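Chains A and B, in that order, are what the protein sequence lines are. Per the working numbering, the first sequence starts with residue 41, numbered consecutively. Per the working numbering, the second sequence starts with residue 62, numbered consecutively.
Because the hints were derived from the structure by calculation, they are not lab data. Treat the hints with care, since some could be wrong.
As the list claims (entries may be wrong) - If you want the ones that stay clear, here's a sample from chain B, every Cβ over 12 Å from chain A, calculated:
id: 1; residue: E79
id: 2; residue: I81
id: 3; residue: D124
id: 4; residue: Q125
id: 5; residue: R130
id: 6; residue: D132
id: 7; residue: G133
id: 8; residue: N135
id: 9; residue: I140
id: 10; residue: L145
id: 11; residue: Q161
To be verified - Quick list of the computed label-pair ranges, beta carbon to beta carbon:
id: 12; chain 1: A; residue 1: G62; chain 2: B; residue 2: G101; range: 14 to 24 Å
id: 13; chain 1: A; residue 1: S120; chain 2: B; residue 2: Q72; range: 36 to 46 Å
id: 14; chain 1: B; residue 1: S142; chain 2: A; residue 2: P119; range: 44 to 54 Å
id: 15; chain 1: A; residue 1: S66; chain 2: B; residue 2: Q125; range: 27 to 37 Å
These figures come from a predicted structure and were not determined experimentally. Quick reminder that beta carbons are idealized off the backbone N, C-alpha and C, glycines included.
So the chains spell out like this:
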Amino acid sequence: AQSVSQHNHHVILSEAASLELGCNYSYGGTVNLFWYVQYPGQHLQLLLKYFSGDPLVKGIKGFEAEFIKSKFSFNLRKPSVQWSDTAEYFCAVIPDGSSNTGKLIFGQGTTLQVKP
Amino acid sequence: EPEVTQTPSHQVTQMGQEVILRCVPISNHLYFYWYRQILGQKVEFLVSFYNNEISEKSEIFDDQFSVERPDGSNFTLKIRSTKLEDSAMYFCASRGAGAQFFGPGTRLTVL
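Put together the whole structure using the sequences plus the hints.
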């Protein structure tokens, strides 16, 4: 079945460590890609998005993601995490065919815990 | 910064009762959405709404569900006869600048 997969369910890092969260999707055609973050007690917030163009996308708070079409991947990275990055991270895709309606398909989320 | 708001934050209801979840999207947005997240599961798309009609809906969005934009600001999700399995967090979103902006969610508990 077509889906969005986040392979890391729970990641624990120390402050200043580098972060990479994996996201793979199984939709063909043109897709729009997103990473959202949900800090404890808060709502989902957009970190970054990719529609077309440069496959390396920079978002807020020092996050970036790279779209690799051949691997159907859109991994999230940050060179040096902070304690305040502790949150749940969601990868999401608008599949080809839903570009007008904007239906988002989410991965299962990755909980990131950063130890001070 | 404009935000999507949702009320109530938590709704407890008895099985078989009707519930209405309310959302106020960002004012200049034209596309509206409902998603839900059952505890421990993925965030799932329910329905998208544009120009006063449903533009896409999922298999979950059966005849028990309906959406409405009763005035220029509110966007509601109605569940006619709630089931235990409807217990979930329900998120409203509106779209602008190519991305969806989410509300804080309503936690629905069906007893």
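Hints, verified against the model:
no., hint, in the structure
1, E79, "holds, 26 Å"
2, I81, "holds, 20 Å"
3, D124, "holds, 20 Å"
4, Q125, "holds, 20 Å"
5, R130, "holds, 16 Å"
6, D132, "holds, 23 Å"
7, G133, "holds, 21 Å"
8, N135, "holds, 18 Å"
9, I140, "holds, 20 Å"
10, L145, "holds, 22 Å"
11, Q161, "violated, 6 Å"
12, A:G62 to B:G101: 14 to 24 Å, "holds, 20 Å"
13, A:S120 to B:Q72: 36 to 46 Å, "holds, 41 Å"
14, B:S142 to A:P119: 44 to 54 Å, "holds, 51 Å"
15, A:S66 to B:Q125: 27 to 37 Å, "holds, 30 Å"
Hint compliance for this structure: hint 11 alone is broken.
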